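Could you build all of it, start to finish, from the sequences and the hints given here?
There are 2 protein chains.
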Amino acid sequence: MSDTIKYLLPESEIPKDWYNLIADLPEPPPAVLHPGTHEPVGPDDLAPLFPMSLIMQEVSGERYLEIPEPVRDIYKQWRPSPMFRARRLEKALDTPAKIYYKYEGVSPAGSHKPNTAVPQAFYNAEAGIKKITTETGAGQWGSSMAFAGAFFDIEVQVYMVKVSYQQKPYRRALMESFGANCYASPSDRTQTGRAILEQDPDSPGSLGIAISEAVEVAAQNDDTKYALGSVLNHVLLHQTVIGQEAIKQMEMADDYPDIVIGCAGGGSNFAGIAFPFLGAQLRGGQSVRAIAVEPAACPSMTRGQYAYDFGDTGNLTPLTKMHTLGSSFVPPGFHAGGLRYHGMSPLVSHAKELGLLEAVAYHQTPCFEASVTFARSEGIIPAPETSHAVKGAIEEAMRCKREGKAETILFNLSGHGHFDMAAYTEYFSGKLEDKNYDEQKLSDALSRLPQVAAS
Amino acid sequence: MSDTIKYLLPESEIPKDWYNLIADLPEPPPAVLHPGTHEPVGPDDLAPLFPMSLIMQEVSGERYLEIPEPVRDIYKQWRPSPMFRARRLEKALDTPAKIYYKYEGVSPAGSHKPNTAVPQAFYNAEAGIKKITTETGAGQWGSSMAFAGAFFDIEVQVYMVKVSYQQKPYRRALMESFGANCYASPSDRTQTGRAILEQDPDSPGSLGIAISEAVEVAAQNDDTKYALGSVLNHVLLHQTVIGQEAIKQMEMADDYPDIVIGCAGGGSNFAGIAFPFLGAQLRGGQSVRAIAVEPAACPSMTRGQYAYDFGDTGNLTPLTKMHTLGSSFVPPGFHAGGLRYHGMSPLVSHAKELGLLEAVAYHQTPCFEASVTFARSEGIIPAPETSHAVKGAIEEAMRCKREGKAETILFNLSGHGHFDMAAYTEYFSGKLEDKNYDEQKLSDALSRLPQVAAS
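Read top to bottom, the protein sequences are chains A and B.
Start counting the first sequence at 11; every next residue gets the next number (the numbering used here).
Start counting the second sequence at 11; every next residue gets the next number (the numbering used here).
Just so you know, these hints were derived from the structure itself, not from any lab.
Predicted model, so just to flag it, every value in this text is computed and none were measured.
Any given hint might turn out to be false.
It does not matter which identical chain is meant; a pair holds if it fits inside one copy or across any two.
[Claimed, not checked] Below, in silico cross-link-like pairs of lysine-lysine (PhoX-like), each with a Cα-Cα straight-line distance of 25 Å or less:
id : residue 1 : residue 2
1  : Lys86     : Lys101
2  : Lys16     : Lys26
3  : Lys86     : Lys258
4  : Lys16     : Lys415
5  : Lys411    : Lys16
6  : Lys140    : Lys26
7  : Lys451    : Lys108
8  : Lys101    : Lys141
9  : Lys108    : Lys86
10 : Lys26     : Lys86
11 : Lys108    : Lys411
12 : Lys141    : Lys451
13 : Lys16     : Lys108
14 : Lys141    : Lys415
15 : Lys86     : Lys16
16 : Lys16     : Lys258
17 : Lys140    : Lys101
18 : Lys141    : Lys108
19 : Lys411    : Lys101
Structure follows, in C-alpha cells:
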C-alpha cells in the first residue's frame, strides 16, 4: 500500500454554496444585543461596519447561500484543497486509527483564512468600499485580508497584536508585499489604543484590543468598513467550503470520520471543517465526535463562562452570548497568536451548549512536540495554532491504540508554520515555556462581564 | 473570461521517467576529468561520494530513466504541480503576451528541490547509507534534503553558507524540524573550513566552500555519502519532471511557449523546465527560446569563461567544463543565496555552447520589484532566486508590448519566499543595495583556473 495518499477533487467540485448550520439546529442561537439598550440588534445597527450583503449573511437562516462566481474564480487558485491520509504518522504512532488531514496551508497566504477574506473583499468592493480595517493575531488573517484586498483594489489597514508583531516581523513583510499597511496594536492611532497605552505602555496587546482599534477606525470613516477573520456567523459560513470538500473526499476514501478535529481561537477553522459534518448528522446522517482544541493559556470553552459579552476589549461591539474569559482578559503572549482571543464564536458556543461538540485544551509545548512528530512523518510544518489540532488528533490516535480501536480521525491542518519558525527555534532551544494565565486576573475579568437580564 | 486559470494534471500524469537531454544532443558534453591526472573519470572514481545507482544516472546516455515507484509515491504529495496562466499579471503589465507559470513552491519544502532530494535519499537508502552531507545556499536545498532524509531514515548534515545562515535563521529551524543538523560554513568541523577561517575569519562563505566541507566529510566516512542540490547531470535529470508536466499542461491550455524561462544558479530548475522543451525541439518539434536568468553579482554564463574548473572552492571535486567565474571567486552576499555559485551546470553550459539557450543577468533590486508586482497580481510571493525568473518573464512581456507581439511565455516559479521575508523587509525599507562583485577579484579568480590541456 502506498504511503502517500492524496485525495484531490476536480475544480468543478469547489462548493457552489456555503453551508449554514443554523438551518439544521434544533433551536436558533441567542439574539445579538445592542450594547446600550440590550435590545436585539437589527441589520441597520451593523451597517457602519459591514456591507449589507455580509450583514444579511450574518443573520441568515437559509441552509445554503450561493458563492458568487468571482469568489469561486479566486478560490480556484488553491481550492479544492487536498485531503491526505497520514499513513506515515499512523506508522510512527503505531496506532490502529486511520488519520486524515485536510490541508488548508496550500492557499497563497498559507492558511484557511483566504476562504473568507476573498468573499469579504468581494462584497465590500461590490458595495463600493475602498478601504478595510482589520485586526490580526499571528498574522495569518491580516496577510489573507491583504492578499484579498490586492485582488479587489481595496486598501487594507491591519492592526496586529503587538506581541505577534514583534515575534513575527515577516508576516508584516508579507502583508506589505500584498500592498497592505500594518500597525502594532495597541497603537497611538486610535482612542482605544491610546487609552490602553496610557494604562499599560508595555501592553502585549490582544485580539480584543486590536479589534477595538480596527472597529473604531471603520466606524469613524464613511469610506471604510471593518473585516473580522473569525467569530462571526458569516465568517464561519465562508469556511464551510473546507468541510463540504472533506465530505466528498471522505467518500473518495470510502470512509467516514468518527472524529473531526480543529483548533479553535475564534472558531472559524474548526467550524469550517466540523459544521458540514454536524449538519449531516442533524439531518439524520452518521454521528461524529467534533472536538475543538484550544490553548490552555486562553481556554474560553474549557474555563470561560457562557454569557453575553463584548467581542472586543474597548467594548465597542454588540453583545453576543458566547464562551468568554471576559473582554478585559489579556492572555499571556504564547506563540499561537491566532488563538489568543477572550471569546469564542457565538455559533460554536451555541453548538457546544447543544451538546454537538467537545472542547479540550493543551499547553503549547506538547503542541509543538506533536507538530514536530507530524513534520517528520508527513513533511509539513504546522502553524502554532494548527499544532493544537495536530495534538488533538495524536491524542485521539493514542487513545485508539490503548483501546485497540480502528477509529477514523479527520483533522483540519489549517495552516503551515513558515512564518512561525522563530517559535520552533525557541522550542528546539528548550527555551519554550508553557505560559499560564493569572487565575486572579481571569476571575476579575469574569466578574466584569456585562449584566444582561436575558443572560 | 476567468482570471484564475489553473492547469492541474491528474496524479496518473506524474511522469514515469526522467528525461535525459544528452540523448538528443548533436554532441555529448565534454568528459569529466580527474583533478590529478586530467584523465576522464570513471564511475568508480565517484563511488566514495555517491551510490552507484546515482553515478550510473550521472553518466547515462539513455533518453528516459525510470522513476522508482517509492519516489513517485512521495512525489504524489505535491505533484503534479499546478501551472497557472498569469492573467492578472498580464493585465497589470497591459501586455499582449500570454504568461504562464509552473509553480514548484507547492512542495513541502517550498521549492523544486525535493524533486531531486527524494530520489537522492531513496537511492542512498537503497544502498544502505545512513548519513548524507550536503551544502545549502539560501536553505531551499538543505531543507529539501532534510525533508527527504526524514522519509528514508537518513541522518542529514547540512553546511549552510554563512551569510545565508545569518540572514535566514528560520530555514535552519525548518531543517531541524525535519530532523537534520545545520552548520554555518565555513565551519571549524572540516580542514577546508578551518583553512578558510584562518585566512579570513569573517568569510561570508560561498556554495563552493560549503560543497568542499560536505564533500570532505563524506569522503572521510564510509557510512556517509554526499548529495548535491544542483549542477550535476543526475540532479538536472530529476528536475525534468517539471518540464515534462508543463508540456502536458501547455497541451491542456492548447498553447505552446515561444519562450521558456528559469532562474539559474547551478542550473537545475532552469534545466528542469527547459530541457524537455529543448528535447522536443531537437527531435523536430517546435522551437523555443530558452532563457536562463542569473544574478548580475554572480554572472557565470554572462561574464564567466567556458573552461575546465573545480566544482568547489577547496578543489576536492573532479574537473568539469562549464561556465565559471573561477572556483576561488566569492560573490558578494546578496539575497538570492541559491544563485551564489561560481560555476554553472556542465550540461547547461554545454547546451549554451551549442546555441540552445540564452543567458541574461539582473541586479537584485529590479528582481524584487518584479516579485512585488507579481505578488500583488498573482497572490504568490516568490523566493529571491525565483524573482530572477519573474524579472526575466516581465522583461519579455514588456518587449512583446513594445513590439505588439502576442508571444507565449512560460516561466518556472521555482519557489516561494516565505523564508526570505527579511529580504523583502530590506527591500521595502529602501535599504536593499545592488551589490557588485569586485572586477579585480574576478579576473584573479579566472587567472587561477586550472590549466587543462584538453580545455
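*Where does the structure disagree with the numbered hints, that is, which hint numbers, in rising order?*
Per hint list: 6, 7, 12, 14, 18 violated.
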